[in-house]
Amino acid sequence: MEANANCASKSPCRVFEFLESSIGKKIMVAAAGILLCGFLVTHLAGNLLMYVGGEAFNRYAEALVSNPLLPLAEAGLVGLFLLHIVLSIRATLANRAARPEGYQVYKGKGARTPGSRTMAVTGILILAFVVIHVATLKYQVGGQKGPDLFAHVLGWFANPWYSIFYVLAVGGVGLHLSHGVQSALQTFGVNHPRYTPALRKAGLAFAILIFLGFASLPVYFGFIHKTADACCATMEGGSK
Amino acid sequence: MNITLKVWRQKNAAAPGALVEYTVSGVVPEMSFLEMLDTLNEQLIAKGEDPLAFDSDCREGICGMCNLMIDGQAHGPDKEATTCQLHMRRYKDGDVVTVEPFRAKGFPLVKDLVVDRSAFDRIQAAGGFVSTHTGGAGEANAILIPHDMAEKAMDAASCIGCGACVAACPNASAMLFVAAKVSQYALLPQGQPEREKRVLAMREAMDKEGFGHCTNEYECEAACPKGIKLSNIARLNREFLRATIVSE
Amino acid sequence: MKLESKVPSGPIEKSWDKHRFELKLVNPANKRKFKVLVVGTGLAGSAAAASCAELGYQVESFCVQDSARRAHSIAAQGGINAAKNYPNDGDSIWRLFYDTVKGGDFRAREANVYRLAQVSNSIIDQCVAQGVPFAREYGGTLSNRSFGGAQVSRTFYARGQTGQQLLLGAYSALMRQVGAGTVKLHTRREMLDLVVIDGVARGIIVRDLVTGKVERHWGDAVLLCTGGYGNVFYLSTNANSCNVTATWRAYKRGAAFANPCFTQIHPTCVPVSGDHQSKLTLMSESLRNDGRVWVPLKKGDKRKPQDIPEAERDYYLERKYPAFGNLVPRDIASRAAKQMTDDGRGVGNTGLSVYLDFADAIHRIGLDKVKEKYGNLFDMYHHITDENPYEQPMRIYPAVHYTMGGLWVDYNLMTTVPGLFCLGEANFSDHGANRLGASALMQGLADGYFVVPYTIGGYLTGNKLPKVTTDHQAFVEAETDVNARTKALLGAKGKKTPAAFHRDLGRVMWDNVGMGRNAKGLQSALSQIPEIRAEFWKNVTVTGEGSDFNQVLERAGRVADFLEFGELLAKDALVREESCGGHFREEHQTPDGEAKRDDEKFQHVAAWEYKGEGKAAERHTEPLTFENVHIAQRNYA
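Residue numbers (the working numbering), protein chains in the order written: chain A, 1 to 240; chain B, 1 to 248; chain C, 1 to 637.
Take the hints with a grain of salt, since some may be wrong.
What the hints assert, rightly or not - With a cut-off of at most 25 Å between alpha-carbon atoms, the simulated DSS-like pairs for lysine-lysine come out as follows: (1) Lys92(B) x Lys107(A); (2) Lys538(C) x Lys493(C); (3) Lys338(C) x Lys31(C); (4) Lys152(B) x Lys538(C); (5) Lys47(B) x Lys373(C).
Unchecked claim - Some chain C residues near chain B, calculated using beta-carbon distances under 10 Å: (6) Leu55; (7) Asp66; (8) Ser143; (9) Leu168; (10) Ala180; (11) Thr187; (12) Thr385; (13) Gly491; (14) Ala492.
Unchecked claim - Computed footprint of chain A on chain B; a stretch qualifies when at least three of its residues, placed anywhere within it, have a C-beta under 8 Å from a C-beta of chain A: (15) 156–164; (16) 228–238.
No lab work stands behind these hints: they were computed from the structure. Cβ coordinates follow ideal geometry from the N, Cα and C atoms, glycine included.
Could you put the whole structure together from the sequences, leaning on the hints where they help?
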């Protein structure tokens with residue numbers, strides 16, 4: 001009550017209080033998460049151009065890189081990631097502190113899902129993947145260097161270890177989203193007896209589609225449709 | 001039948017605690033779980049040993065006093081039932097049952113299975129009311145409340161404040177408890193004048209008590225003996241967001 | 001001891017208004033100088049504490065549970081009466097007043113009951129304003145139902161959890177004051193003595209149940225809102241912690257105890273299943289609206305209920321009371337059930353239950369409708385007994401439920417100790433010898449919200465109270481007494497647990513002072529109880545220490561008081577040589593087995609005065625006069 005009274009008319013204070021509050025933190029995590037889902041969709045759409053052909057994919061990549069607004073978008077993206085991660089870590093630490101002495105036996109009543117149980121683990125996996133992914137495919141650390149991004153990607157996919165890691169990581173993304181999407185909706189306060197069951201299913205479907213979309217690329221280009229020049233990819237950096 | 005219990009024993013908050021094993025004989029299916037513990041206690045007292053301390057009062061599932069974590073489940077395995085409503089016909093001869101207190105920073109341990117849930121009272125005192133003085137009320141039927149709205153408010157209001165939501169939550173979050181109270185008043189016309197103030201104050205009090213964040217694991221709903229719905233938490237989130245934006 | 005009811009003169013409709021006007025007011029600036037101690041946080045206690053704090057008094061509130069929200073008012077299911085006459089079925093303040101006096105078998109004080117009926121409407125307004133989610137019609141107005149044999153629909157309800165919702169309303173009002181700093185709440189505190197200085201109640205001694213520390217608290221007035229003593233019977237529908245200790249200690253400090261023999265046995269409870277049983281569960285009386293009560297015509301008929309043909313069933317309530325049928329008042333329904341089981345026609349393994357059958361209701365209004373009306377009760381029954389009431393009749397049996405007796409209070413709700421008030425079930429006042437359904441919630445809230453906030457002001461301004469501190473000799477002595485008692489309990493080091501003594505006492509009480517009482521049984525109880533008590537102090541075992549969280553010690557202290565109180569109850573029942581309401585003396589019945597009052601000799605309140613250890617209590621009487629209600633033999637046939 002007191003903090004409210006002090007804060008009552010100061011808007012920066014209100015924002016700070018919101019971010020510090022348990023509910024506010026979760027709303028921000030959810031908001032960042034949903035925006036990151038938007039990024040995933042556009043990213044996947046771009047990636048799927050690989051099925052159209054190397055030329056289309058490279059043209060898209062070119063256009064993206066040459067867009068002067070890209071650094072801004074990238075900064076925004078990094079900001080979203082950081083917000084999502086930092087607030088999640090803080091919430092997780094607070095949650096650990098909320099039960100200093102744990103149970104000897106903890107079973108629950110079956111409400112938790114594989115996705116909800118593993119949010120922290122999949123989160124860390126995704127973070128590791130993002131770092132490697134950006135390093136290898138954007139900054140071309142390791143692998144075949146050169147302006148032909150398509151060839152570069154195929155080079156990595158030809159490395160079975162890299163491809164397996166890629167599939168596992170996007171599996172982590174799928175699992176993360178299987179809880180994350182519907183959880184975010186609940187956090188925003190979207191819950192209606194008529195729509196929520198459908199929205200939950202839609203969230204799960206979205207997670208599966210994102211997983212299938214991303215995972216199909218290394219599977220297809222790494223194991224099914226191997227091209228001649230992909231065979232020369234080095235192992236370097238592939239299994240970091 | 002005989003039941004083997006592994007029960008958390010701890011003399012007080014400062015002393016170390018551990019699971020201690022007991023065998024209770026002469027358990028019959030008609031007994032409630034708490035009556036089985038009574039039986040154990042009678043046996044312990046007769047031997048001059050300190051009996052188990054546990055809370056219970058009405059023993060018909062409405063006062064919210066009983067609160068045991070039974071085999072890792074708040075209030076035991078039954079759905080929408082309190083510990084006192086759990087009967088031994090659920091168990092068979094030779095079963096081993098682990099009994100622990102509700103655990104959360106917001107519920108400090110008092111002794112054995114007894115914890116201090118006064119945090120809920122403080123949250124309530126922060127804003128879980130309609131500010132109306134005795135005697136100042138107008139004619140009851142002057143406030144019209146649609147049947148379904150009253151029912152929904154009643155669904156939320158049926159919370160018994162037992163703390164199972166906190167105990168079952170992997171994060172020891174008290175959101176379902178707070179959501180139930182906020183919802184009851186947010187749904188009713190009587191709650192409107194203090195709608196924003198209430199949710200802001202109750203949220204603040206809740207966080208101050210050291211409860212965890214809601215990560216939508218939904219174990220609270222599964223554990224709630226009164227079937228309080230998750231939609232109330234969604235409403236709490238909405239109300240909080242709304243109050244943050246609109247309140248001056 | 002003089003029992004002055006202080007009922008205002010003049011027409012009853014004006015009594016309360018006149019009295020309120022005559023009560024002196026406390027200067028608003030002076031209110032915060034007065035401290036009021038409120039013991040108990042049920043409907044009466046929470047309502048009184050919140051209301052007094054709103055007025056500006058310093059309030060300290062005490063409860064035995066871990067939270068004020070858990071008091072046993074919370075378990076009341078059915079509803080709360082008020083004379084709103086919303087259904088337009090002919091209800092009025094006068095009718096509610098009349099029904100309550102008649103229901104109480106003409107053993108209540110007219111003016112108190114009239115006031116109760118008068119403020120009943122304000123209670124509903126107040127609760128609605130607090131956000132209590134009462135049941136509503138589709139148009140948004142409040143719903144009513146007929147309850148407990150009333151011929152009008154005057155009962156307001158919130159599903160089968162009306163007590164819970166009303167209590168949470170009062171609790172929210174209380175917590176609002178706690179948040180505002182005007183009420184200091186002490187949870188897990190048990191009142192163990194009353195401190196009387198110069199004949200005036202000035203404080204209490206409580207034990208902190210967590211630390212075992214004994215504390216002294218002073219006040220300018222003490223309000224006991226500590227509920228009933230039904231647990232003297234061991235098994236009752238009361239919660240575990242319901243006890244007589246606070247009122248019994250007050251009695252021993254000079255407060256007269258009135259009509260202890262007026263206890264209510266509720267007809268529809270889940271029957272006892274075995275010795276392990278720790279409490280009985282009530283099934284709401286509303287079940288009798290649609291359920292039909294019966295037993296087999298033949299004695300010892302062991303057939304399944306489904307196999308007993310219609311012609312071999314005895315729907316005894318419908319047979320004996322054709323006008324009211326299954327809806328006769330509680331005392332009558334309970335006694336009729338006892339007659340059936342005494343006659344060897346009881347059902348179930350123990351033979352101590354009767355059927356409450358919904359087959360006809362299901363046939364008439366459909367399974368869905370029955371489910372909608374009683375679903376939660378059916379589930380509760382199924383849960384406890386493992387028998388499905390949709391498929392076979394419920395088995396029910398009467399159980400101790402409510403106690404009409406309690407500390408004697410005047411019209412101001414003040415006991416015979418000045419400054420000591422008693423509210424709710426803990427006092428004797430408004431229900432006479434039998435309480436009607438949905439009236440307990442009404443009385444608790446009336447006392448707390450709308451009576452005591454006025455009368456306490458009259459007391460505080462009318463008396464010059466000297467300042468006291470907790471160092472006063474009376475506090476020291478009371479604390480010494482409390483400690484000595486604790487020491488005695490811990491020091492007995494015997495072989496038998498407090499619960500075992502409680503069970504022994506309960507058996508004696510139920511067998512001899514239960515539904516049917518006679519001189520022989522009561523005398524037997526009066527000889528057995530002191531024996532159990534003597535054995536208790538020699539052979540009780542209390543583990544642990546006094547300076548610790550010790551539930552055995554708590555139980556032992558309560559059982560010790562029940563062992564004294566039970567004797568007074570039996571004595572009161574023995575002296576009251578008539579049958580009235582819940583008090584049924586087998587020697588006093590009409591030829592067809594109905595209660596027969598003796599208005600000439602017993603149209604009075606009996607109030608017992610404590611005369612000291614080992615001395616017989618003295619019985620005082622307050623005559624009851626009925627100027628507004630026509631006295632008649634209750635007739636529900």
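Taking the closest Cβ pair, is Ser143(C) under 10 Å from chain B?
-> holds, 8 Å
Under the criterion of a CB-CB separation shorter than 10 Å, is Thr385(C) in contact with chain B as hinted?
-> holds, 8 Å
Assess, step by step, whether the Cα of Lys152(B) is no farther than 25 Å from the Cα of Lys538(C), and give holds or violated.
-> Since the Cα atoms of Lys152(B) and Lys538(C) sit roughly 56 Å apart, the hinted pair is violated (cutoff 25 Å).
Okay, the stretch 228–238 of chain B and chain A, do three or more residues pass the C-beta test at under 8 Å?
-> holds (count 8)
Ala492(C) as chain B interface residue, shortest Cβ-Cβ below 10 Å | violated, 13 Å
Satisfaction of the Thr187(C) interface hint, Cβ to chain B closer than 10 Å = holds, 7 Å
Are the Cα atoms of Lys538(C) and Lys493(C) separated by 25 Å or less?
-> Distance of about 8 Å is within 25 Å: holds.
Given hint Lys107(A) paired with Lys92(B) - CA-CA distance at most 25 Å | Holds - the C-alpha atoms of Lys107(A) and Lys92(B) are around 20 Å apart, at most 25 Å.
Using 10 Å as the Cβ threshold, decide whether Asp66(C) counts as touching chain B.
-> holds, 6 Å
Grab the minimum C-beta distance from Gly491(C) to chain B and call the hint holds if it beats 10 Å, violated otherwise.
-> violated, 14 Å
Closer than 10 Å between Cβ atoms is the bar; does Leu168(C) clear it against chain B? Give me holds or violated.
-> Hint on Leu168(C): holds, closest Cβ of chain B at ~7 Å, below 10 Å.
Taking only the CA atoms, is the gap from Lys47(B) to Lys373(C) under or equal to 25 Å?
-> violated, 49 Å
In terms of the numbered hints stated before, the structure departs from hints 3, 4, 5, 13, 14 and 15, listed from lowest to highest.
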